[in-house]
Amino acid sequence: MTEKELVEGCIREDRECQRLLWEKYSKKLMALCLRYCQNQEEAEDALMEAFVKIYDKLGDFRFQSSLETWMRRVAVNISINKIRARKNIFKEISESEYEIGYSDFSFDRLNVDQINQLIEKLPVGYRMVFNLYAVEGFSHKEIGEMLNIDEGTSRSQLAKSRKALQAMLNGLNLGRA
Amino acid sequence: MEFPDEFFKDKLFNSEAEYSENVSFEKVMDRRRKKRRFLFWWNPKTYATMGVLFLGGLIAFVTNSFNGKSNNSDNVQVSNVNNRNSAPSKLNTVKTELSKKNSIEKEAFATSGIVKTDFNKSELTFAKSTNELKVKKAKRIKQATYRSVLNQLVSEKSLNDQSTLTQSNITNKVTEEPKFAKISNWENEDFYNLSKWNDRLNSAKPRQNYFGFEGLKLDMSDLEFELPDFEVKFRNNPSKWFAELSVITGSNNTIVFKDDLPLSVLGTQYMAQYQMLILKDFENGSMFGAGIQFSEWVGNGRWQRTSNLMVPKVITRKVLISAPWQPKKYAVLSDTTYVPTTTVQTGVIDYKIDKVSFPFAYRFCTSIGKLPVRFGMHLSPGYTTFTEGVYFTQTDFRPIQSSSQMTVDGRLTLGPMFPITKKWTFVMEPSLIYQSFITPDNQVNGKFFTGLGVAILHQF
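Top to bottom, those sequences are chains A and B. Note that this note's numbering gives residue 167 to position 153 of the first sequence, counting from 1, and the numbers run on in steps of one. Note that this note's numbering gives residue 420 to position 419 of the second sequence, counting from 1, and the numbers run on in steps of one.
The reader is advised that the hints may include incorrect statements.
[Said to hold, decoys possible] Computed list of lysine-lysine pairs in DSBU-like fashion (alpha-carbon distance at most 30 angstroms, straight line):
1. B:Lys12 / A:Lys42
2. B:Lys329 / B:Lys319
3. B:Lys12 / A:Lys71
4. B:Lys241 / B:Lys218
It should be emphasised that the hints constitute simulated quantities derived from the structure, not laboratory data.
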């Protein structure tokens, strides 16, 4: 079944097509929601809410991008809305918390789960900007529009998130050396 | 080296994660169906429309009640009035004596130009003459004269507005010619004895309930003819149904903000309830009823997370190595130590919950001394209509799911009542309120609030 047939089936409220869409993308979107949300429960709620919206709004999908990209965008927006409600997204963390000198860490030693665990440890604001920029590939301008912040804030949050990640990685590296 | 590189970008982008058994395709579709089903209820305009319609209906009902009552209640109710005890012979005797003694009536008859009246029939029927209306008019004049004297007595006893009502009632009553013709109480001498009326009024017991004065119970057993006692009432049949509109606000503080706690919260919560009820009076002071209620529940504050971490710290030193016959060299020595560091993170937290409930209410009206008071309680199950933010307790906070959740509220009130008119009563209600919502995994999140409310009560 092609992507178009799948979408058309979902618009027709074909249960099998809807189930197929769920089975194909739910785990990917769950990983996405987990990267943004604070805990498993919140991520699961965001996932279900995202799929409800996806099923409702599939009629608006114009095939100008891939279906997955569109679905990811919906899930990202819903996750952001959930986080935005907490109002403490862009708290400035003291840089002294990540005081570190150098790094020659080889990322190859880590698997994706370990990387995800490190990302989860980031403060919410860092994590959001990092995920949006480094993983989803949004530009700082787009991130600024999505989060209602200016580009400079997005850049600084990204830089701080990278620094924080490096600090955590180096901590791991020291342990192994 | 930039992190993450393309390898990890792809890995992260395409990574998958498992979800718990709480998440499934069926649950998504179920949530979607519920959302569609409750789309009507989720729309705030729905509530506004329903509120307007309800108020419109209430006003129309009240207006009709006033109009209907004004026709009925303006009449003095005379209980069990009939002429079964007015035997023809006795009645004729009374009438004969009355015609001799009462000059007013004579004058009235004289001015009416009546030719003949037939009092000898078993029933009181007047001659069908063209002057019949004049006779009736003359009797009305006399009736009104005595009634006005009676009303003066009533007013002297500080019955104020009730006396006015009595007068108007009686005036209206006079128009009911056949009934008064049967009573014929103006033909009894004792009826015109003002001192006896004074005694009757002195011994009359006021009829009063917790909503105000209802009337006087007059004992008329001393009248010569056996006219049954009748009650002076200002309402034909007081309704047992009430409408109540109440507004109540309350607050609750959560203050646990200590550095030695891993997570502490400092917050304040407020709630407001708007309630409309229909109540039925069960005449022993108790009322039961049900209605609809809209509640707003907001909280805001700060959270503080304290964590003690061992942060790695690298201390580097540059050391000069100077060996004989060798060029000077520098070496960098690194020493890694772990420094205990206390990290304090703080943030702002808030939430908002709107809900619609359907309260079942109980009220008990009594008095403390001369002050009428009302005890009330209600239990109202309902559903959230809007949730946003992060709900917090003294040591925890978590996001509220956006889906509709069941709620159960309770309220205890005790406060004074102030009758404004015979039908409208104002109530102040210091209250203890319990608000809660129940998450899909049956976790009850509830808080107690203390507050003050006001209510307006209308008797139909």
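Hint by hint, here is what the structure shows:
1. B:Lys12 / A:Lys42: Answer holds: lysine 12 (chain B) to lysine 42 (chain A) is near 11 angstroms, not above 30 angstroms.
2. B:Lys329 / B:Lys319: 13 angstroms, holds
3. B:Lys12 / A:Lys71: 28 angstroms, holds
4. B:Lys241 / B:Lys218: 21 angstroms, holds
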